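Colleague: Now for the letters of each chain:
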Amino acid sequence: MKILYFAWIRTKTGVAAEDVDPPASVTDVASLIAWLKGRGAGFAEALDNPSVVRVAVNQEYAKADHPVRAGDEIAIFPPVTGG
Amino acid sequence: MIRIQREDFDVGREIAALSAGNPKVGGLAVFVGLVRDMAGGETVRAVTLEHYPGMTEKKLAEIEAEARRRWPLEATLIIHRYGELKPGDRIVLVAASSAHRDAAFEACRFLIDWLKTKAPFWKLEDKDSGAEWVEAKPSDDTAAAVWTKGKRG
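Chains as they are written, first to last, in numbering that gives the first Met the number 0: chain A, 0 to 82; chain B, 0 to 152.
Because the hints were derived from the structure by calculation, they are not lab data. Hints may be right or wrong, so weigh each one.
Claimed, not checked - Cross-link-like lysine-lysine pairs, in silico, DSS-like; alpha carbons within 30 Å at most:
(1) B:Lys-148 <-> A:Lys-62
(2) B:Lys-117 <-> A:Lys-62
(3) A:Lys-1 <-> A:Lys-36
(4) A:Lys-36 <-> B:Lys-117
(5) B:Lys-136 <-> A:Lys-11
(6) A:Lys-1 <-> B:Lys-117
(7) A:Lys-36 <-> B:Lys-57
(8) B:Lys-117 <-> A:Lys-11
(9) B:Lys-23 <-> B:Lys-57
(10) B:Lys-136 <-> A:Lys-62
(11) B:Lys-85 <-> A:Lys-11
(12) B:Lys-23 <-> A:Lys-11
None of these values were measured; they are calculated from a predicted model.
Construct the complete structure from the given sequences, taking the supplied hints into account.
Modeller: Encoded structure:
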């Protein structure tokens, strides 16, 4: 699956986009975030506070229990500040 | 109509185009958002807007469709810029036209309130203390929630 990071979450992870192949235990947004946090200090810091982490699956906002699958485009970003 | 662009836009020309050739339009409301020169008591030198291409267009189209579902509108327009902007620069324009002013005013307010909480844009401010990502304001959520609860519209 493809993961995109935006704004300060991208700054902290140090990567804007990557293709990942998570283990079978990753089935939803919550387990994906937990797995990503184990991939390094930058990821752990970026994803530490769930109240400021938003997730979109295939360009739709998704909650923690939303399923994730191979081939999905997952975006992880802070609350939006446009306008 | 939705446009995501780096370039500036001409407010007068956009307003004229929105009602051109449609005599059913009796009123048109416009909101234009600009870059402020101060944030948290500090001077802002520039603001860089980042967005999520693809999802941005999708969310703005949904917001526009929702406005047209709620009010009898003749036309709507959302223009949002990205890239580096200076204080005083235009960031965003939302406009709604209708036969009567109530629908135009309300839809215009709805468009910007929902855009602020749903469209995937982020602002990075360049200040004396360094570059800082703007934090989302709870008041923006409150403004958007008003439309969900149906107090307006």
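Colleague: Of all the hints numbered above, which does this structure not satisfy? Sort the numbers upward.
Modeller: Hint 12 is the one this structure does not satisfy, whereas the remaining hints hold.
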